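Asks: Okay, here's what each chain looks like letter by letter:
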Amino acid sequence: MKITREEVEHVAGLSKLNLSEKELTSMTEQLDTILSYVSKLDELDTTKVAPTTHAFSLSNAFREDEVQESLPRDEALANGPKVNKEAFVVPKII
Amino acid sequence: MNPYELTIGQARAELDGGNISSRELTESCLARIKKVDGDIHSFIRVTEDEALEQADAADKQIAAGKAEPLCGIPLSMKDLLCTRGITTTCGSKILENFVPPYDATVVEKLKSQGAVILGKVAMDEFAMGSTSENCAFDVPENPWKSGYVAGGSSGGSATSVAGMECLGSLGSDTGGSIRQPASLCGVVGIKPTYGRVSRYGLVAFASSLDQIGPLTRDVTDSAMMMNGIAGYDKRDSTSVKEDLPDFTAALTQGMQGLKVGIPREYFGEGLDPEVVQVVKNGVQILKDAGAEIVDVSLPHTEYCVAVYYLIAPAEASSNLARYDGVVYGYRDQDAESLVDMYRETRSHGFGDEVKRRILIGTYALSSGYYDAYYKKASQVRTLILNDFQKAYESCDLLISPVTPTPAWRRGVHADDPLALYLSDILTISANLAGIPGMSVPGGFSSDGLPIGIQLQGSHFREDILFRAAYNLELGTKLANKCPDMG
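Chains as they are written, first to last, in this note's numbering: chain A, 1 to 94; chain B, 1001 to 1486.
Calculated directly from the structure, the hints in this document are not laboratory data.
Take these hints with a grain of salt, some might be off.
Here are the simulated lysine to any residue pairs, SDA-like style, with alpha carbons at most 25 Å apart [stated by the list, open to error]:
1) B:Lys1035 <-> B:Cys1482
2) B:Lys1375 <-> A:Lys22
3) A:Lys48 <-> B:Ser1297
4) B:Lys1355 <-> A:Thr33
5) A:Lys85 <-> A:Ala61
6) B:Lys1111 <-> A:Ser70
7) A:Lys82 <-> B:Ser1297
8) B:Lys1234 <-> A:Glu75
Estimated spans, in silico, between C-beta atoms of each pair [to be verified]:
9) B:Gly1290 <-> A:Leu24: 57 to 65 Å
10) A:Glu69 <-> B:Asn1019: 24 to 32 Å
11) A:Lys48 <-> B:Gln1333: 52 to 60 Å
12) A:Ala61 <-> B:Asn1019: 42 to 50 Å
13) A:Ser57 <-> B:Gly1018: 46 to 54 Å
Please read all numbers here as calculations on a predicted model, not as lab measurements.
The beta carbon of each residue, even a glycine, is placed where N, CA and C say it ideally should be.
Construct all of the structure, not just a fragment, from the sequences and the given hints.
Replies: This is how it looks when you write it as structure tokens:
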């Protein structure tokens, strides 16, 4: 086994996903199949290979720190599932 | 001939010649959508009123002699490109009611050039899938054969173009999502070089792999649309300041002096013999047109699926963390605590494939597994990139199949995600290496299903792909070949 049911449950917690018992069973099977497949990368010795995170190594894209127009508050709030006039409203935290 | 049957190039001539108005062309496409979309389900949303307004504005520009090449041309947009004031769902329940307050750069560019946007087209949820069956709304169907998949994730883009509901479409390609549906639906699709087209306003899936590109009914149209969308954008820090050629100028330059490489690893087991025959025919066409054919090797091809299905989910797990029910999108209203709200919102808002990839990605990035999975995959990505660089020392472009088989029946891979992942083996490497890749119609299977030919080039040499694609099209005579849907 590449991944156990308990590990899938742990990762689901990290991902903020709830899985039903049935989902947990099928996801564990499918993830195990996929992770077994990707372990074929272990056939390659990569100790001296640098990782690639982007096809091009661009340096930082800087700009002048100038004040620019930003999205008006009412437009920024327009998609909020629950808002008051000036903020997004969420369940009580404290 | 009905106006909706015109290619973009033909429509341009008709519009400029005063033989047709953009309103007539747009109304013709809207009528076509009403007629066929109940069968092929390309559109998630048709924006008829806005489209007609844009068409009238385009007609004024044309009358004033100020028409740019895409002015007045009706197009569709994959529903992950943000459109100001128009709902953008990304094929997901979690964004079902999301109305972007801004346009993606590509949308802004097309609008400013006078193009007409007919609506938003279907896709796999968050572009994760190879058949568009992961769409949370109606699933598009292959216009060539009822009950067959359109491909994905840009399935609605491909079906709307092949079904003649629009003249062209923008899709996005993270591991083949433009090229594969283009191949399965018999249209032209290009994934440009990473950084060639701004990703600003594209809902992110895997940011180091995603790239926007056009799907069209012939190669000329593809070059025209690339001219309209390519270029550096300060709002996308990964877009690249490279010279922009006129892509249409490359079309007629012929094949003399070009070396076409055949990557032997792309012809391994599992290929449908009819697909091999179509590609062989394409090789002969390019040879007859004056190209030199050489044998090349991309030895790490067999590892690309494993690399991709670690890197793409890893990036996705991070990108999709933003869907928490706080500032936009679906929220589960019953949760009492904040954490429960996150969990319930995400669990109800995302479909199975998206959850699967979030789990794989989170696992591959998690403490204790990062080196074994994510880092290892990033190292093998280097080897894949090196393979291409070496291959392009002996050739200018590569020719291969796009997919191992033509389109298949819907529902076939429902319980076996890995089998479906493996069908992406011929398209994924281009995204990992950031190189441009293109699918051009090559022929048909004995069942009447389209088969595409893939061309891949080196960074920023889309012009060479257009040269070869145009020659292929001359040889196959498949320009603007669409199914007879009555």
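Asks: None of the hints should be skipped; say for each whether it holds.
Replies: Structure-based check of all given hints:
1. B:Lys1035 <-> B:Cys1482: holds, 16 Å
2. B:Lys1375 <-> A:Lys22: violated, 32 Å
3. A:Lys48 <-> B:Ser1297: holds, 22 Å
4. B:Lys1355 <-> A:Thr33: It holds: about 16 Å lies between the C-alpha atoms, which stays within 25 Å.
5. A:Lys85 <-> A:Ala61: Violated, at roughly 35 Å.
6. B:Lys1111 <-> A:Ser70: holds, 22 Å
7. A:Lys82 <-> B:Ser1297: violated, 56 Å
8. B:Lys1234 <-> A:Glu75: Satisfied, since the Cα-Cα distance of roughly 23 Å is no more than 25 Å.
9. B:Gly1290 <-> A:Leu24: 57 to 65 Å: Distance hint for B:Gly1290, A:Leu24 holds at roughly 59 Å.
10. A:Glu69 <-> B:Asn1019: 24 to 32 Å: For B:Asn1019 against A:Glu69, whose Cβ atoms are near 43 Å apart, the range 24 to 32 Å is violated.
11. A:Lys48 <-> B:Gln1333: 52 to 60 Å: holds, 54 Å
12. A:Ala61 <-> B:Asn1019: 42 to 50 Å: Hint holds: Cβ distance 46 Å, inside 42 to 50 Å.
13. A:Ser57 <-> B:Gly1018: 46 to 54 Å: Given range 46 to 54 Å: holds, Cβ gap about 51 Å.
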